[in-house]
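Enquirer: Residue numbers (numbering that gives the first Met the number 0), protein chains in the order written: chain A, 0 to 229; chain B, 0 to 111; chain C, 0 to 280.
Read the hints as simulated data drawn from the structure, not as lab findings.
Just so it is clear, CB atoms sit at the ideal spot from N, CA and C, and this is done for glycine as well.
Keep in mind that a hint or two might mislead.
Claimed, not checked - So the derived label-pair ranges between C-beta atoms look like this:
(1) A211(A) - R169(C): 52 to 62 Å
(2) G60(C) - L95(B): 26 to 36 Å
(3) V100(A) - S234(C): 52 to 62 Å
(4) D37(A) - E181(C): 49 to 59 Å
(5) T91(C) - Q7(B): 48 to 58 Å
(6) G60(C) - F97(B): 40 to 50 Å
(7) N106(C) - Q7(B): 50 to 60 Å
(8) L249(C) - V98(B): 48 to 58 Å
(9) E57(C) - G71(B): 28 to 38 Å
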Amino acid sequence: MNRLVTVAEMTLRELLRRRGVLLLLLLMPLTFYLIRRDAYLGQSVRSLLLGVGWAVSTAALFATTAARELEPRLRLAGYRPHHLYLGRMLGLWTVGLVISVPFFLLPMIDGADLRYGGLAAAMLCSVAVAAPFGMLIGALLPRELEGTLLLLTVVTVQMLIDPAGSGARLTPFWSSREIATWTVDNTDHGYLSRGLLHGLVVTALLAVGVAAVASVRLRRRRHLRHLPVG
Amino acid sequence: MDSDRRGQWLRGVLDICVLALLSEGESYGYQLAQALDTAGVGPIQGGTLYPVLLRLQKTGLVTAQWREGNAGPARKYYRLTDDGYAALRAGGSAWLTFVRPVNDIVTKGVSR
Amino acid sequence: MNADDWLRTLTAELHQRRVAADAARHVVAEAATHLREGGGDPWVVFGPPQQYAGAVVESIGTAPGPRPGPVRLHAAGITKRYGRRSVLRDATLTVRAGQIAAVIGANGCGKSTFLRICAGLMSPDAGEVTVSGRLGYCPQSGGTADFLLADEHFVLIGAGQGVARGPARRAGRAAARQLGWEAGGDVQARHLSGGTRQKLNLTMSTLSAPDVLLLDEPYQGFDQGTYVNFWDQLSRLRDTGTAIVVVTHLLNQLDRVDIVLDLTPARETGWHAPGIQGGRP
Chain A
0 MNRLVTVAEM TLRELLRRRG VLLLLLLMPL TFYLIRRDAY LGQSVRSLLL
50 GVGWAVSTAA LFATTAAREL EPRLRLAGYR PHHLYLGRML GLWTVGLVIS
100 VPFFLLPMID GADLRYGGLA AAMLCSVAVA APFGMLIGAL LPRELEGTLL
150 LLTVVTVQML IDPAGSGARL TPFWSSREIA TWTVDNTDHG YLSRGLLHGL
200 VVTALLAVGV AAVASVRLRR RRHLRHLPVG
Chain B
0 MDSDRRGQWL RGVLDICVLA LLSEGESYGY QLAQALDTAG VGPIQGGTLY
50 PVLLRLQKTG LVTAQWREGN AGPARKYYRL TDDGYAALRA GGSAWLTFVR
100 PVNDIVTKGV SR
Chain C
0 MNADDWLRTL TAELHQRRVA ADAARHVVAE AATHLREGGG DPWVVFGPPQ
50 QYAGAVVESI GTAPGPRPGP VRLHAAGITK RYGRRSVLRD ATLTVRAGQI
100 AAVIGANGCG KSTFLRICAG LMSPDAGEVT VSGRLGYCPQ SGGTADFLLA
150 DEHFVLIGAG QGVARGPARR AGRAAARQLG WEAGGDVQAR HLSGGTRQKL
200 NLTMSTLSAP DVLLLDEPYQ GFDQGTYVNF WDQLSRLRDT GTAIVVVTHL
250 LNQLDRVDIV LDLTPARETG WHAPGIQGGR P
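The shape of chain A in the complex, shown without the other chains (with noise of 0.2 Å):
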């Protein structure tokens, strides 16, 4: 227990030091709301959720990079693959929490007119997906630049995509939307529930892959044996 709760500490220090990230996670989704603040209401909640979804994706990708050398010495120290990506989850989920709530108040401080309920709701999925989405892009991907690239690739097919059509369900991002129209809108509690079904899977399934990855990289090998000390 305490190795995971070390291991999301010095995550959480390590962003709280890279300015340029902090900036991000703190301008970007900012920045989203206030330019489609104008449009339709709907709009501007949905970018918001986005640029937190982006953010939080983005620093768990640089978490997970700069990590990567320390790792193995981490392993020989004592630490098993789960307290290395747990914890580093952990740190990235608490982050994004943290981040949530100023963002939760923005549209408040606007005097929105919406279903609070579903705007925590969506910005939880938002965060639940992104640090997992984030860690397996760095974790598959060697260098932090094809990795922003990507995530920029599936941001942008994310808010251009047509959430009813057929492929929007395969988009990472699609639980927020989707909740952010019962939210926005006052539909039924379908787009509700679907949303979350959709989050939780999303989130357990980017979770796994984070694990299996990190599982074969870390893996005991086979032609090495360890006696105890005799």
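Based on these hints, arrange chains B and C on the given structure of chain A.
Expert: Leaving out everything else, chains B and C in the frame of chain A:
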């Protein structure tokens, strides 16, 4: 004097000389070297003297103590132990017993 | 060579001959005092430092070297190919507790690869490695977290063994001090100078008190003083029973080392020095 031969003689007797000097009272390396030189044994280099002192210390014939000088560096002072006194008596007597006939032979040979 | 240089060389010679540290200190101090009182050229008064050191050793003997203990690392038949290029061929190394092994060879002959295979970070195409006890590994570069402080590195490594924060920090700072570095403070790793960052790298690998320590040329960027401290620390670790493997291309410390593994393919050099374990040609 042939330095090789002198070296050989010193190797046999330097430790007894040091023990004898220390029986007068405690002393340190440089002082011992000076004393030997003054007594006529000739200049004793540090490289010759200190290994002897170390060996005497290791075999328990002397003990050593570092002491701060009044004006100058700390010095390692040596003094004889009881074993050292005993070794001096035994070794010194043996030397004197040995050297007397040698002196007789050589004196006769040189004066001829 | 002036008196200070002579004394420094004497210190090194005594250390190399495994004279006990306290005795060596006394010998050097006494020689220094003698020279100060009487003056003179140390080469005349004492002779060459090697000779004097030899005489001292004859007089007082050496600290008994710890008997090499049980085998801690055994790598046999390690083979690794990258595509068609064979990087390692049947490399073999056995290191016991209390021994230091040096892995040498030209650039690109697989020293780092061999070490990573022994550390379990890479799989070989053939061969086996058996490690008895805890493993520590220091990569050639990197291996630190850019945005964390030195103390935070220590806490992170310590937590892997269940060590609490305070003790982990203290242990890390103590280990850092042995390399001549004060590790406290709030400087992020990325702001440390290259040599200091390497000291952090090295300290991290010794923190968990490993039984087998694998070091991949860890002294990049060390100044001369730190380099000497580094080898002193290795000797100290060796005396406490750690088995150490150092990848190095600097051959001037090979006399402080018990085993040498030369990974240069024998067909190039055609020569295996005696006492050297190597790979088959």
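Enquirer: Each hint: holds or not?
Expert: Here is how each hint holds up against the structure:
| no. | hint | result |
| --- | --- | --- |
| 1 | A211(A) - R169(C): 52 to 62 Å | violated (38 Å) |
| 2 | G60(C) - L95(B): 26 to 36 Å | holds (31 Å) |
| 3 | V100(A) - S234(C): 52 to 62 Å | holds (55 Å) |
| 4 | D37(A) - E181(C): 49 to 59 Å | holds (57 Å) |
| 5 | T91(C) - Q7(B): 48 to 58 Å | holds (51 Å) |
| 6 | G60(C) - F97(B): 40 to 50 Å | violated (29 Å) |
| 7 | N106(C) - Q7(B): 50 to 60 Å | holds (54 Å) |
| 8 | L249(C) - V98(B): 48 to 58 Å | holds (56 Å) |
| 9 | E57(C) - G71(B): 28 to 38 Å | holds (30 Å) |
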